[in-house]
Amino acid sequence: MRLTVCLLLLAGTSLAATSTGGAGTDSVTLGPAKFESVLPPAPGKRAVALASFRLDRRPVTNAEFLAFVREHPRWRRDRIPRLFADAQYLSHWQGADRLGESALPAQPVTRVSWFAAKAYCESRGARLATWYEWEYAAAAGPAVADARRDPAWRQTILNWYARPSSKPLAAVGQESANYYGLQDLHGLVWEWVLDFNALLISNDSREQGGANRLKFCGEGALSTADRDNYAVLMRIAYLSALEANYTTGNLGFRCALEAS
Amino acid sequence: MNIGTSTLLSFLLVLLLSMTTGCTRSSDDPAAGSAVTDTGGSASGDFGPPQGEPIKAVLTSPPDVPPPLNRSHPAKVIVELEVRELEKEISEGVTYTFWTFGGTVPGSFIRIRQGDTVEFHLLNHPDSKMPHNIDLHGVTGPGGGASSTFTAPGHRSQFTFKALNQGLFVYHCATAPVGMHVANGMYGLILVEPPEGLTPVDHEYYVMQGDFYTVGKYREKGLQSFDMQKAIDENPTYVLFNGSEGALVGDKALQAKTGETVRLYVGNGGPNLVSSFHVIGEIFDKVWFEGGTRFQENVQTTLIPSGGAAIAEFRLEVPGSYILVDHSIFRAFNKGALAMLKADGPENKLIYSGKEVDADYLGDKAGSLTAVSEAVMARAQGRLTKEQQISAGKAQYTGTCSVCHQGNGQGLPGVFPPLAKSDFLMANKRRAIETVLNGLSGAVTVNGKQYNSVMPPMSQLTDDEVANILTYAMSSWGNQGAAVSKEEVTQVRATTKRAEGAAE
Numbered sequence: 021m022r023l024t025v026c027l028l029l030l031a032g033t034s035l036a037a038t039s040t041g042g043a044g045t046d047s048v049t050l051g052p053a054k055f056e057s058v059l060p061p062a063p064g065k066r067a068v069a070l071a072s073f074r075l076d077r078r079p080v081t082n083a084e085f086l087a088f089v090r091e092h093p094r095w096r097r098d099r100i101p102r103l104f105a106d107a108q109y110l111s112h113w114q115g116a117d118r119l120g121e122s123a124l125p126a127q128p129v130t131r132v133s134w135f136a137a138k139a140y141c142e143s144r145g146a147r148l149a150t151w152y153e154w155e156y157a158a159a160a161g162p163a164v165a166d167a168r169r170d171p172a173w174r175q176t177i178l179n180w181y182a183r184p185s186s187k188p189l190a191a192v193g194q195e196s197a198n199y200y201g202l203q204d205l206h207g208l209v210w211e212w213v214l215d216f217n218a219l220l221i222s223n224d225s226r227e228q229g230g231a232n233r234l235k236f237c238g239e240g241a242l243s244t245a246d247r248d249n250y251a252v253l254m255r256i257a258y259l260s261a262l263e264a265n266y267t268t269g270n271l272g273f274r275c276a277l278e279a280s
Numbered sequence: 154m155n156i157g158t159s160t161l162l163s164f165l166l167v168l169l170l171s172m173t174t175g176c177t178r179s180s181d182d183p184a185a186g187s188a189v190t191d192t193g194g195s196a197s198g199d200f201g202p203p204q205g206e207p208i209k210a211v212l213t214s215p216p217d218v219p220p221p222l223n224r225s226h227p228a229k230v231i232v233e234l235e236v237r238e239l240e241k242e243i244s245e246g247v248t249y250t251f252w253t254f255g256g257t258v259p260g261s262f263i264r265i266r267q268g269d270t271v272e273f274h275l276l277n278h279p280d281s282k283m284p285h286n287i288d289l290h291g292v293t294g295p296g297g298g299a300s301s302t303f304t305a306p307g308h309r310s311q312f313t314f315k316a317l318n319q320g321l322f323v324y325h326c327a328t329a330p331v332g333m334h335v336a337n338g339m340y341g342l343i344l345v346e347p348p349e350g351l352t353p354v355d356h357e358y359y360v361m362q363g364d365f366y367t368v369g370k371y372r373e374k375g376l377q378s379f380d381m382q383k384a385i386d387e388n389p390t391y392v393l394f395n396g397s398e399g400a401l402v403g404d405k406a407l408q409a410k411t412g413e414t415v416r417l418y419v420g421n422g423g424p425n426l427v428s429s430f431h432v433i434g435e436i437f438d439k440v441w442f443e444g445g446t447r448f449q450e451n452v453q454t455t456l457i458p459s460g461g462a463a464i465a466e467f468r469l470e471v472p473g474s475y476i477l478v479d480h481s482i483f484r485a486f487n488k489g490a491l492a493m494l495k496a497d498g499p500e501n502k503l504i505y506s507g508k509e510v511d512a513d514y515l516g517d518k519a520g521s522l523t524a525v526s527e528a529v530m531a532r533a534q535g536r537l538t539k540e541q542q543i544s545a546g547k548a549q550y551t552g553t554c555s556v557c558h559q560g561n562g563q564g565l566p567g568v569f570p571p572l573a574k575s576d577f578l579m580a581n582k583r584r585a586i587e588t589v590l591n592g593l594s595g596a597v598t599v600n601g602k603q604y605n606s607v608m609p610p611m612s613q614l615t616d617d618e619v620a621n622i623l624t625y626a627m628s629s630w631g632n633q634g635a636a637v638s639k640e641e642v643t644q645v646r647a648t649t650k651r652a653e654g655a656a657e
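These protein sequence lines map, in sequence, to chains F and Y.
At position 45 of the first sequence the residue is numbered 65 (the working numbering), and the sequence of numbers has no breaks.
At position 230 of the second sequence the residue is numbered 383 (the working numbering), and the sequence of numbers has no breaks.
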């Protein structure tokens with residue numbers, strides 16, 4: 021399985037459009053930083069070192085993704101091979117290059133596969149954020165860089181998890197910004213990360229068999245690293261349920277890039 | 154000497170007899186669990202390849218159970234179970250986002266036969282926020298299917314297993330954090346019938362207990378969120394049968410008739426609590442404890458572990474309402490663990506008479522309450538005197554008012570105002586009646602001293618009782634007032650409003 025994904029990854033890269041210019045102007049610089057992830061990088065090691073990087077302030081919108089699809093028609097829903105996106109890819113759009121009523125321009129784009137998200141970012145000369153980058157950025161509360169110990173902050177995240185996605189999504193940028201000026205990391209959509217398929221080796225989170233597995237599987241991470249951080253753990257569980265061509269109605273993305 | 158020998162002989166005889174009886178009982182007793190009646194477990198559960206066309210399993214929502222299979226061969230059975238995340242009522246006016254197998258809590262009931270090959274499909278609805286999977290305790294294999302069914306929203310998974318062990322098994326979601334998925338209602342039951350099936354009964358019902366953890370208090374209105382800390386502390390807000398306080402009461406109560414036999418498939422999803430399952434007014438004729446192969450007979454309360462189940466069977470002899478409870482009893486009366494079974498049919502007074510005698514038993518209060526009965530009788534006959542009212546009022550004052558205002562009417566300085574020689578009490582009869590009926594809170598000045606406390610409404614007292622108590626208080630400890638009549642109290646009650654929560 022892992023091998024397949026790697027091969028597909030290469031294919032996806034070659035298929036992706038060439039860069040059309042740098043990162044979005046609306047992004048912020050974070051790091052360099054050391055922080056403690058819920059997924060320890062190595063046995064006995066907690067701290068993760070992050071180089072400086074830039075991250076989009078908001079998730080990519082339907083309007084932005086429409087522009088990308090129009091410029092790169094191979095990513096239209098009627099032309100994309102099933103290998104790169106499942107049958108639900110952009111299925112809420114009215115047409116292959118039209119948004120319509122159930123996909124408003126300012127809503128975050130959803131029903132996009134990892135391949136499509138990655139190609140979009142690459143078309144901008146950017147890339148998807150890594151899990152550690154995303155986790156670091158999303159650990160911030162409104163006023164502090166690390167709100168992970170704040171029960172009230174955790175509860176707001178859990179409250180969003182508890183609501184089904186049956187209602188239309190809000191437009192991006194409605195929520196107040198976090199400590200870094202980033203918006204919608206929590207409470208709007210799930211987001212793809214570059215290394216989503218390296219997060220949870222086992223599909224059964226209760227297995228704690230091998231030594232290496234312990235560090236990656238959900239409950240192992242929960243018990244060894246930060247047992248209170250179930251809000252982050254649930255995001256890892258979500259990402260690990262995905263395949264790279266999957267799309268869902270509440271999964272979007274934002275782009276990142278090395279800070280030069 | 155003679156006596157000694159005969160005693161010894163009869164002792165030996167008794168010993169011999171008891172040994173014989175003991176042997177006979179153990180070999181005949183089906184519940185004894187000896188090797189003779191061993192079913193062979195999973196090693197004897199494979200009856201070969203599935204025969205005939207694949208069968209789509211009948212799934213039912215609680216409290217219904219799919220019909221008996223009546224099948225004599227192993228089959229391929231297709232089960233399609235859809236995960237839905239739904240906001241539903243957990244108590245009246247209180248909603249909660251449940252994560253469900255099949256749209257209900259507990260999830261759909263699955264019924265298969267030992268030796269069946271089950272092709273299991275797990276569908277996660279596109280509106281779901283979360284990925285989910287399923288661990289069926291009736292599956293032999295690592296994870297019980299969990300790792301084979303990990304499914305993102307808008308996707309589906311499939312795996313196949315052979316049901317090697319008979320019994321009643323729990324299934325549940327095992328996605329991290331497992332406790333939260335279970336606490337949100339992700340559990341249900343799968344019955345694996347023995348090859349010969351189960352004895353027919355008149356009714357089969359599906360009941361499953363679960364504990365729920367909300368940020369708001371018990372019965373706090375509105376949409377309630379899951380409270381992880383309460384779940385970790387194992388301190389549930391609700392303990393419920395079938396996922397809602399109203400799931401099995403009133404019109405939705407389980408139904409049966411007298412003379413009929415009822416079989417309950419009872420599960421406990423947890424995530425935390427062990428259930429002391431009991432039906433008030435019934436004795437289980439048989440309990441297949443832990444959902445296994447053996448039954449125990451004549452059981453009052455059976456323990457159902459979290460992630461476990463039991464089958465309970467009983468025959469209804471007498472009509473009426475039978476209440477299903479978790480006999481860890483505060484859960485029943487303060488957290489919602491109540492359900493109801495209504496039995497219709499003719500009374501059988503030889504088995505249960507109903508109430509035959511309803512008379513006063515006053516114990517050591519007999520003396521003091523005689524005055525009350527006398528006053529009631531006198532009033533009925535239209536010859537009630539002020540003295541009788543005072544005597545009756547004194548007895549009732551002792552039971553109701555003296556805790557605060559004291560037996561001598563002096564109150565407690567600074568806390569409870571005095572009634573003795575009280576300018577506040579004596580100034581206005583109507584206000585005095587109002588105060589008893591509706592309570593009084595906030596600052597009042599009594600005999601020149603200020604009091605600021607709360608008197609609860611005493612509207613549970615009858616008009617008679619209020620009249621007697623006030624007549625007593627306004628004619629005692631130096632007070633010299635007129636009698637208060639029942640009619641005056643009736644008039645005040647009719648023209649003032651009770652506080653919220655007070656008795657009418």
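In short, the hints are calculated from the structure, not lab data.
Idealized CB from N, CA, C, for every residue including glycine.
Wrong hints could be hidden among the right ones.
To be verified - Taking lysine-lysine and the DSS-like style, the derived pairs with C-alpha atoms no more than 30 Å apart in a straight line are:
| no. | chain 1 | residue 1 | chain 2 | residue 2 |
| --- | --- | --- | --- | --- |
| 1 | Y | K539 | Y | K582 |
| 2 | Y | K370 | Y | K405 |
| 3 | Y | K315 | Y | K209 |
| 4 | F | K187 | Y | K539 |
| 5 | Y | K241 | Y | K439 |
| 6 | Y | K370 | F | K187 |
| 7 | Y | K315 | F | K187 |
| 8 | F | K187 | Y | K241 |
| 9 | Y | K315 | Y | K229 |
Stated by the list, open to error - Restraint ranges, calculated between C-beta atoms of paired labels, are given here:
| no. | chain 1 | residue 1 | chain 2 | residue 2 | range |
| --- | --- | --- | --- | --- | --- |
| 10 | Y | K209 | F | P61 | 44 to 50 Å |
| 11 | F | A67 | Y | Q382 | 23 to 29 Å |
| 12 | Y | K209 | F | E121 | 36 to 42 Å |
| 13 | Y | R651 | F | Y199 | 39 to 45 Å |
| 14 | F | P162 | Y | N581 | 33 to 39 Å |
| 15 | F | P162 | Y | R447 | 55 to 61 Å |
Here is what the structure says about each hint:
1. K539/Y / K582/Y: Between K539/Y and K582/Y the Cα gap is close to 16 Å, so the pair holds against 30 Å.
2. K370/Y / K405/Y: holds (25 Å)
3. K315/Y / K209/Y: holds (15 Å)
4. K187/F / K539/Y: Not satisfied, since the Cα-Cα distance of roughly 70 Å exceeds 30 Å.
5. K241/Y / K439/Y: At roughly 35 Å apart (the allowed maximum being 30 Å), K439/Y and K241/Y break the hint.
6. K370/Y / K187/F: holds (27 Å)
7. K315/Y / K187/F: With Cα atoms ~40 Å apart, K315/Y and K187/F exceed 30 Å; violated.
8. K187/F / K241/Y: holds (16 Å)
9. K315/Y / K229/Y: Distance ~9 Å between K315/Y and K229/Y Cα, so the pair holds.
10. K209/Y / P61/F: 44 to 50 Å: Once the Cβ atoms are compared, 48 Å apart, the range 44 to 50 Å for P61/F and K209/Y holds.
11. A67/F / Q382/Y: 23 to 29 Å: Holds - the Cβ-Cβ distance for A67/F and Q382/Y, about 28 Å, lies within 23 to 29 Å.
12. K209/Y / E121/F: 36 to 42 Å: holds (37 Å)
13. R651/Y / Y199/F: 39 to 45 Å: violated (53 Å)
14. P162/F / N581/Y: 33 to 39 Å: violated (57 Å)
15. P162/F / R447/Y: 55 to 61 Å: With Cβ atoms ~59 Å apart, the hint holds.
Hint check: violations occur at hints 4, 5, 7, 13 and 14; the rest are consistent with the structure.
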